[in-house]
Every structure is written in structure tokens, then in C-alpha cells.
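Novice: The listed protein sequences correspond, in order, to chains A, B, C and D.
According to the numbering used here, the stretch in the first sequence is residues 1 to 192, in order.
According to the numbering used here, the stretch in the second sequence is residues 1 to 192, in order.
According to the numbering used here, the stretch in the third sequence is residues 1 to 192, in order.
According to the numbering used here, the stretch in the fourth sequence is residues 1 to 192, in order.
Calculated directly from the structure, the hints in this document are not laboratory data.
Ideal Cβ positions, reconstructed from N, Cα and C, are used throughout, including at glycine.
Be a bit skeptical, because a hint or two may be false.
Simulated restraints, written as ranges between beta carbons of each label pair [what the hints assert, rightly or not]:
{"no.": "1", "chain 1": "B", "residue 1": "E53", "chain 2": "A", "residue 2": "E150", "range": "55 to 61 angstroms"}
{"no.": "2", "chain 1": "D", "residue 1": "S83", "chain 2": "C", "residue 2": "E129", "range": "37 to 43 angstroms"}
{"no.": "3", "chain 1": "A", "residue 1": "D36", "chain 2": "B", "residue 2": "T153", "range": "43 to 49 angstroms"}
{"no.": "4", "chain 1": "B", "residue 1": "K133", "chain 2": "A", "residue 2": "R191", "range": "51 to 57 angstroms"}
{"no.": "5", "chain 1": "C", "residue 1": "L50", "chain 2": "B", "residue 2": "T151", "range": "41 to 47 angstroms"}
{"no.": "6", "chain 1": "D", "residue 1": "A26", "chain 2": "B", "residue 2": "T153", "range": "55 to 61 angstroms"}
{"no.": "7", "chain 1": "A", "residue 1": "V190", "chain 2": "C", "residue 2": "E52", "range": "22 to 28 angstroms"}
Residues of chain A placed beyond 12 angstroms of chain B at every Cβ, according to the derived structure [said to hold, decoys possible]:
{"no.": "8", "residue": "A26"}
{"no.": "9", "residue": "E68"}
{"no.": "10", "residue": "K69"}
{"no.": "11", "residue": "P81"}
{"no.": "12", "residue": "R86"}
{"no.": "13", "residue": "K93"}
{"no.": "14", "residue": "D107"}
{"no.": "15", "residue": "E129"}
{"no.": "16", "residue": "R130"}
{"no.": "17", "residue": "G180"}
{"no.": "18", "residue": "W189"}
Protein chains: 4
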Amino acid sequence: MPKKKKKEKTKKEEAKPKTAVKAIFARERIITESTDAARELYNQSRYGTLLEEGKVQLSLLEALYLIEKGKLKVLDGRNKPISFERFLKKTKKVEPNFWIRYCVFKDIRNRGYIIKTALKFGADFRVYERGIKPGEAHAKWIVYPVHEGETLTWYEFAAKNRVAHSTKKRLLIGIVDDEGDVTYYEIRWVRP
Amino acid sequence: MPKKKKKEKTKKEEAKPKTAVKAIFARERIITESTDAARELYNQSRYGTLLEEGKVQLSLLEALYLIEKGKLKVLDGRNKPISFERFLKKTKKVEPNFWIRYCVFKDIRNRGYIIKTALKFGADFRVYERGIKPGEAHAKWIVYPVHEGETLTWYEFAAKNRVAHSTKKRLLIGIVDDEGDVTYYEIRWVRP
Amino acid sequence: MPKKKKKEKTKKEEAKPKTAVKAIFARERIITESTDAARELYNQSRYGTLLEEGKVQLSLLEALYLIEKGKLKVLDGRNKPISFERFLKKTKKVEPNFWIRYCVFKDIRNRGYIIKTALKFGADFRVYERGIKPGEAHAKWIVYPVHEGETLTWYEFAAKNRVAHSTKKRLLIGIVDDEGDVTYYEIRWVRP
Amino acid sequence: MPKKKKKEKTKKEEAKPKTAVKAIFARERIITESTDAARELYNQSRYGTLLEEGKVQLSLLEALYLIEKGKLKVLDGRNKPISFERFLKKTKKVEPNFWIRYCVFKDIRNRGYIIKTALKFGADFRVYERGIKPGEAHAKWIVYPVHEGETLTWYEFAAKNRVAHSTKKRLLIGIVDDEGDVTYYEIRWVRP
Chain A
1 MPKKKKKEKT
11 KKEEAKPKTA
21 VKAIFARERI
31 ITESTDAARE
41 LYNQSRYGTL
51 LEEGKVQLSL
61 LEALYLIEKG
71 KLKVLDGRNK
81 PISFERFLKK
91 TKKVEPNFWI
101 RYCVFKDIRN
111 RGYIIKTALK
121 FGADFRVYER
131 GIKPGEAHAK
141 WIVYPVHEGE
151 TLTWYEFAAK
161 NRVAHSTKKR
171 LLIGIVDDEG
181 DVTYYEIRWV
191 RP
Chain B
1 MPKKKKKEKT
11 KKEEAKPKTA
21 VKAIFARERI
31 ITESTDAARE
41 LYNQSRYGTL
51 LEEGKVQLSL
61 LEALYLIEKG
71 KLKVLDGRNK
81 PISFERFLKK
91 TKKVEPNFWI
101 RYCVFKDIRN
111 RGYIIKTALK
121 FGADFRVYER
131 GIKPGEAHAK
141 WIVYPVHEGE
151 TLTWYEFAAK
161 NRVAHSTKKR
171 LLIGIVDDEG
181 DVTYYEIRWV
191 RP
Chain C
1 MPKKKKKEKT
11 KKEEAKPKTA
21 VKAIFARERI
31 ITESTDAARE
41 LYNQSRYGTL
51 LEEGKVQLSL
61 LEALYLIEKG
71 KLKVLDGRNK
81 PISFERFLKK
91 TKKVEPNFWI
101 RYCVFKDIRN
111 RGYIIKTALK
121 FGADFRVYER
131 GIKPGEAHAK
141 WIVYPVHEGE
151 TLTWYEFAAK
161 NRVAHSTKKR
171 LLIGIVDDEG
181 DVTYYEIRWV
191 RP
Chain D
1 MPKKKKKEKT
11 KKEEAKPKTA
21 VKAIFARERI
31 ITESTDAARE
41 LYNQSRYGTL
51 LEEGKVQLSL
61 LEALYLIEKG
71 KLKVLDGRNK
81 PISFERFLKK
91 TKKVEPNFWI
101 RYCVFKDIRN
111 RGYIIKTALK
121 FGADFRVYER
131 GIKPGEAHAK
141 WIVYPVHEGE
151 TLTWYEFAAK
161 NRVAHSTKKR
171 LLIGIVDDEG
181 DVTYYEIRWV
191 RP
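Required output: the full structure, derived from the provided sequences and hints.
Specialist: Structure below.
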């Protein structure tokens, strides 16, 4: 991955300290209000998917990330904003591995890449080259987040490589340590 | 599942831009007015169940789907139509994982299949072969909607298979990803 | 998988109560003596791989299976046969998941199929249709052995399906229960 | 790794069907006689290290490889050549995972690369680019041979990468499967 110009894009994104977009919690999904600010989340940085009514539907990962950045307010049944911690608790009920996945999601987003689900491909995430939005070109990487304490079998390792190979993407493993930092390894099958 | 003629049927269904059927909200059920248009929802595409008084009783999933398609207007106590979001908020209180179920319901309906609850069988949904209406033949599949971030034990996996086997239906898992897309896997117990 | 003629082949194999083939233990491999009886293990049932010097090199799984069947005697440094239990202990040092994998290996072999490693494909095993030997046709299935107590993520599930799809093989999951019995599920990705 | 001209080099090496070099067994090392043929093993293909007396000292891996190729005869105390199996038995006492290491050593040598120990660097092997001899340039890869059935922690994985990074070599994992085939993966630490 090229290292130059890493921070620029991110800064541009961050440079909008407007009031946060409001949204409601639908367990596995967050639905924003239908405003220009909400649509900008999608248009500019490809958060979520655009719904027909002009709202944006965010994943739990995206929502938590935007809450942390102060760009989103998710309201509960009594119209009160849900805090980062409360939100995290809710997600853990739905997704046991949420935290590990969130660490990688956040880290990749912070570095200025667009990261989306890759379930269809057989991986956790797909990542686009810097400056590329989904739809403009294919994703370049698939990413598997793992926790440093896990054990790996070589069958799993080979399977991940096969998935990357058959989807014509590069394979990244993101190992999340106990401090939430992520170390990345790019792996490719070679025939010497 | 056969792939041909996928979109035709759907279009035919959609091709009726008449005025929307009116209905009221009865917590877990929606009751339509007693009109020919309402009964057509049942007769033609098997939405809901026919009540004795000529009304149609719709499930929350069916109602939300028809609201989204512009074919239904659910009125609140003051006779005002309930918006998609307000409706969604109400359903959440009744069914916690409504959203994931809705994604699969909508996807299967959009593909031209009739999908109904399968609570009696021990599953979320049953699905009829394309062109088949409930009553004409048995449902061919039972479908379990899951969210991509969930985890599963092999006991749960085996239970789903047992249910399918004992009801003589095929088992479909529909995995809803963060972009709302559904990936389906058909599973069958085999004795090699 | 077709169910007829299940036992025939197996019986034919079993029908040779000659003296067991002798072999030496090379940690991850077993090397047989160079005899006709040893080569028959390979020629008739495709155990191991044929070495240039007329010996047969067996995997730990194959060796343990043949020890259990009384067809192989693996000798230790003092030329004494290694018992089933001692052999199992040795393998566990090398392969932590050996027992789960052995249960599936043994079960598939007992049913009259030839089963070999599928590491290259990104899976534990590949299995040939009954009556087919490696080299005569491609393997029909890839098999992942799992233990009933494990948990599954849908990403792993999708990855296994992707591997099967890209290698043009059918996907089998073999769930090993605490009694060592195996339940099989065949899974395929469908687009309704 | 470039793929062209893979076999040529190998053939040229093999093209010397002269009488085998004689050697004696010195526990962890093999010492050849002091002949031109022995020194050619070193000069042409960099087997072993040159001793002051004009003899060549071979590692167990190199010796077994040359025995298998018919280029070396290792003699026992009574001046009788030690067979492949007897040799293998002896090595097992010295190096428990000799076999897996041998599979990778042999495979890399067969592909026309020079492969030497990398103990100094903290790895099993170092490998030179095709056509390059130790001394002419630095090794390009370090290689860790593993067996398909083993498991790995991410700490071990990270350690291997750290070793490669700090020695400025590329990291190769060579997974030996139950059929003796080796699948290679090149891994590099990246900072996206």
C-alpha cells in the first residue's frame, strides 16, 4: 500500500465540524434522518448505503465510528442520544466479535481508506485504494481481523488465501492486540 | 432455485399504481379496510390473511413492505399515515430483530416468491416455489435470516437442519450483510 | 452422495488378513518397508504416496487408521510396534486437532471413500466419489471437520463456500460429536 | 519469484552421473572424502562448506538429498553405505522435525535454488535467488517449513515477520502437506 498522502483525505473529511447527523437505532442498522448532512456522509466518504427516501442506512461499525468522531447522534426511544459505551454494549449483544472488527474498521478508516463488508466474497472486509470509492473500481484488498490471542490452523490460512486469489484481491490479516492497535500482514500464494 | 424470468413476475406485481390501500395499526398486526383493492393484496400475491369481514390482516413485515412499495397507507389514531421510519420504530418494540428479518422478506418478495411465517414449523419463514401460492402446494424452503456479524453454534446449525428435515423442506440460510444484501446458502443433511 | 453399495468396497479391502506391513516413524510421516504388501496399500486403496524406492509414505492419519485395522505395524527405535494409544499421543504433539480430523478421516474411509489432504485447495480434506481413485478423476467434495462445541462466524462459513465454489467441489462440513460420531452437511451457495 | 526457466538449471545439475562421492557420518555432520568430485559439490552447487583439508562438510539435509539423488554414499563404521532409511532413522534422533524440513529443502533445491541454514538469522532456511550463490549476494528469502496439521499463534506469526524484516529478507512459509507437496506463501508486514 502506498504511504504518501496518507493524512490529507482524512483531514478533509474531518474538516466539517457541523452539527451531528441524527439517526435512529434499528438493532443491526442505523437509519439517519433525510438531510443534506446525512447524504454527505454517503456521497463524500461512502458511509452506509443510500435509501430511496434520501436517508442513509449505516452499519453498526460505521455508526459507532461516526459517533466517536462526533458526526452522528443515534437517538434512543426517548429521543436521547446513545453514548459510545451504551452503543458498544448494544452491538456486543448482536455481534460477539464486534470489538475486534471495530478496531480494524476504525484503523483503516483513520488511514483514509473506504472499508466495507466482504461477506459476499467470504471475508470480513474489503478495502478500496486510497481515493477510490466503491463503484469506481474494485476493492484491492480483503481483510480478516483477528485477535492476537487466537490460534491459526494452516487450513484456515490456506482458505483465506484461496478466497483472496479467487476474488482477485490481495489478502490482509489485521492482528488486533490488547491495546486495540492493529498490525497488518499482506500474504500471497507464490509458486517459486 | 431456477433463475430464469426473475424480474418479470416482480414487475407485473409492481405494475399497479392505484391508490394505496388504507389500514390501521393493531400492535402486531395491520388490519386493512374492506375493499376490493385490499382483498386483491391477498388474492393476487397472498399478502396477509383474509378476515371474515372482507378485511385483510397483514403482518408487520408485509405492511412495511407494502408501505415501501407505496401500496399501503397505515393510519394512526388521528388518521394520519405512519411514515416508514415511524413504522419501523414501532415494530422494533414488538420484534427486536425485525430489521434483518425484513431484509430477507423484502429480498425474497422482490425476487417473485411468496414468503410467509414458519413459526409453526420452527423457522422464521417458509417460501413457495415461484408461481405457487400457499394452499396450492407445500412450501419448498424454510428460511432463517441471520446478520453477518452474528455467530452460530453447531448445535443451532444442526437444529435448523433437523427442523427442515422433519418438515420435508429445504433449508436456506439468508445472511444479511452490512449493505443490506442477502447471500443464501442451501444446506442439507447427508449420510455419505 | 449415493447410498447404495456402501459396504462392498470396504469389505473387499478388509478381506486381506495377511501379516501387517512394517513401517518406521518419521514424526510427521510413516515410511513403510519396500514390499508388495506395502505397495498394495497404495495401489489398491491409495493409502499414502509411492516413493521412488518402492516404499510407501503414509500420513499420520492413514497410519493410525491402518494400525487400528491391524494392517500396519509402526516400529519404534527398538523395533517394537507402537500401540494405537502411543501413536495417538505422538500425533497430538505434532497436530493439536488430530483427533477431530481423525474421526472424519476414519468415518469417510470406513464408508468406502478415498480421502486425501486438501491443503492446496484451502480445506482439510478432499474426497473422491466411491470407486474413484485420485488421478482418475477430480475429487468431488472438500470436507471441513469441526467439533460440535465450536462456534462459527458467517465469514468463515462464507469463506468455506467460496473455497468450494472456486475449486469446483461440493462443500461438506463434518461435525464430530463427543462420541466421535460425525454428522455431515452439504452446503451450496444459491441465488434464488 | 520468477517462474521462467525453472527446470533447466536443475537438469544441468543432475546431468552428472559420475560415481557417487563417498563420505562418513559424524553425527550431525557428514564429511566427504577429499576429491575433486567432492569439492565440485561445493563449488558448483554450494552443498556444504569447504574444510581446510579439501573435504566438504555436509549437513544432514544436504547429505540425504544427495543420497536420494545417487550422488553421495555415506559409509558406516564397517565401510558399508548407509541406506536412505537408516540415514533417516539416524537424523530423527538428532532433529525431531527433520522430515518436514527435508521436504522443503528438497523442493527448493529441485526448483533450482540454493538453500542453506538460517539459524544465525532466527529461521530454518535462507534461499538465494536463482543463479545466485551464497557469497555473491545476500539471500532473498528466509523460509519456515511447517506441517499442514500444526497450529500457529499470531505471536509466532509476528515473530517470523519480525525476523524477516530485521534481516531484510522476504518471508516464506512452506506448508508441507500429507502428500509431501509444499505450498508457499510470501508474507510481509505492511503499514497501510
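Novice: Indicate, hint by hint, whether the structure satisfies it.
Specialist: Hint by hint, here is what the structure shows:
no., hint, verdict
1, E53/B - E150/A: 55 to 61 angstroms, "59 angstroms, holds"
2, S83/D - E129/C: 37 to 43 angstroms, "39 angstroms, holds"
3, D36/A - T153/B: 43 to 49 angstroms, "45 angstroms, holds"
4, K133/B - R191/A: 51 to 57 angstroms, "55 angstroms, holds"
5, L50/C - T151/B: 41 to 47 angstroms, "44 angstroms, holds"
6, A26/D - T153/B: 55 to 61 angstroms, "57 angstroms, holds"
7, V190/A - E52/C: 22 to 28 angstroms, "27 angstroms, holds"
8, A26, "5 angstroms, violated"
9, E68, "17 angstroms, holds"
10, K69, "18 angstroms, holds"
11, P81, "16 angstroms, holds"
12, R86, "16 angstroms, holds"
13, K93, "9 angstroms, violated"
14, D107, "17 angstroms, holds"
15, E129, "19 angstroms, holds"
16, R130, "21 angstroms, holds"
17, G180, "18 angstroms, holds"
18, W189, "25 angstroms, holds"
Violated hints for the displayed structure, listed by number in ascending order: 8 and 13.
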